[in-house]
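Protein chains: 2
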Amino acid sequence: MIVYFDFLCPFAWRGLELMALIGERPRLVHYSLVQGNHAENPERRNPTWLLARQPLGEGSEFQQASLRAFMASHAARRQGEELAFAFALHLFRLRHVDGLKLDDPETAREAARRAGLDLERFELALQDETGLRQELATDLEEAAHLGVFGTPTFVLGSGDAAYFRFAHLPETRDDAERLWGTYVEVLSNPVRIETIKRPR
Amino acid sequence: MIVYFDFLCPFAWRGLELMALIGERPRLVHYSLVQGNHAENPERRNPTWLLARQPLGEGSEFQQASLRAFMASHAARRQGEELAFAFALHLFRLRHVDGLKLDDPETAREAARRAGLDLERFELALQDETGLRQELATDLEEAAHLGVFGTPTFVLGSGDAAYFRFAHLPETRDDAERLWGTYVEVLSNPVRIETIKRPR
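So the sequence lines, in the order shown, correspond to chains G and D. Be aware that the first sequence starts at 31, since it is given in this note's numbering, and climbs by one per residue. Be aware that the second sequence starts at 31, since it is given in this note's numbering, and climbs by one per residue.
Okay, chain G solo, but in the shape it has when bound:
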């Protein structure tokens, strides 16, 4: 299974909490809402404005926050998928529960501590800016290729994929399994359900 996500997005935060609750460890791939919704990218599948090429410390607060968070997430990934998942979950919580700022490098350091990363290796990896940008570019290309437009987007083993947005965290593991079962059923029904969306 794969999940496309952006640290800016509270729905993606809930999506990762759902994975934690049901014990799933999807492959993590970044998708950038700032890049996807950028005015210079009318075709989401063929972006010309690329987040991975933007300077740190420039652009909107969202742009700076997401670029810094993605690069930290790639630095964490070098310590393996399990620790990368823990890092992403803690970085999400620091942003969406504790309200810390993603454009402050200290926020990622705190997530690394909470996730149990080797902090020295993490700091060293963060210095490889060129490598991290290349890894981010690869993630964002993969997301654009699939046509991701929002986060979280989950891809099942069957290849079925959808944006999955819910407003509250499930309270128990049973609730989480029921919720995930409903999502899987929506994507598995032979009539090919394309959209269920409440009016806002």
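It should be emphasised that the hints constitute simulated quantities derived from the structure, not laboratory data.
Identical copies go unnamed one by one, so any copy, or any two together, can satisfy a pair.
With a straight-line Cα cutoff of 20 angstroms, these simulated EDC-like cross-link-like pairs (lysine to aspartate or glutamate) come out:
#1 K131 - E91
#2 K227 - E172
#3 K227 - E73
#4 K227 - E215
#5 K227 - D190
#6 K131 - E88
#7 K131 - E153
Mind docking chain D on chain G? Use the hints.
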């Protein structure tokens, strides 16, 4: 239960077939895609360009087709909800299965015949253009008030509502019940699922 629909829309056609398969008879309310997506209506909830006020025989093919179909549907509604449902289902089939044109008055007459309407009463009702336009305006106001943006949109007894788009008809009554059960479960889950949408 309520369904908001537009005869132009193949997904709304499937939605009504689903209702027929599971034996539900929702209250029928028209929503106009032409009005909802009109360039002069940036705020979908407060439209200023109103389909019910447009002349017959003017505007795009879609505009003419939908206005004529909605007025015929209101004429059929004067013979009761059950016959109105049958009329809507047959008009949908004539358009989306047989490929007939909705802007041809003969198409609605054929739907009236197949639905078993009293044809004389139907023709008489069709002549009450002012009354039919008023009834259509009331439907479209109700849809705008709810914030409907696509069809079919189903509203459950709980008040939960969503646009529900699927690509193929369920083949059996069991398949139809499974599909409807999934839709109801999505809207009933306590986490408040807001959107499930495949990338396109």
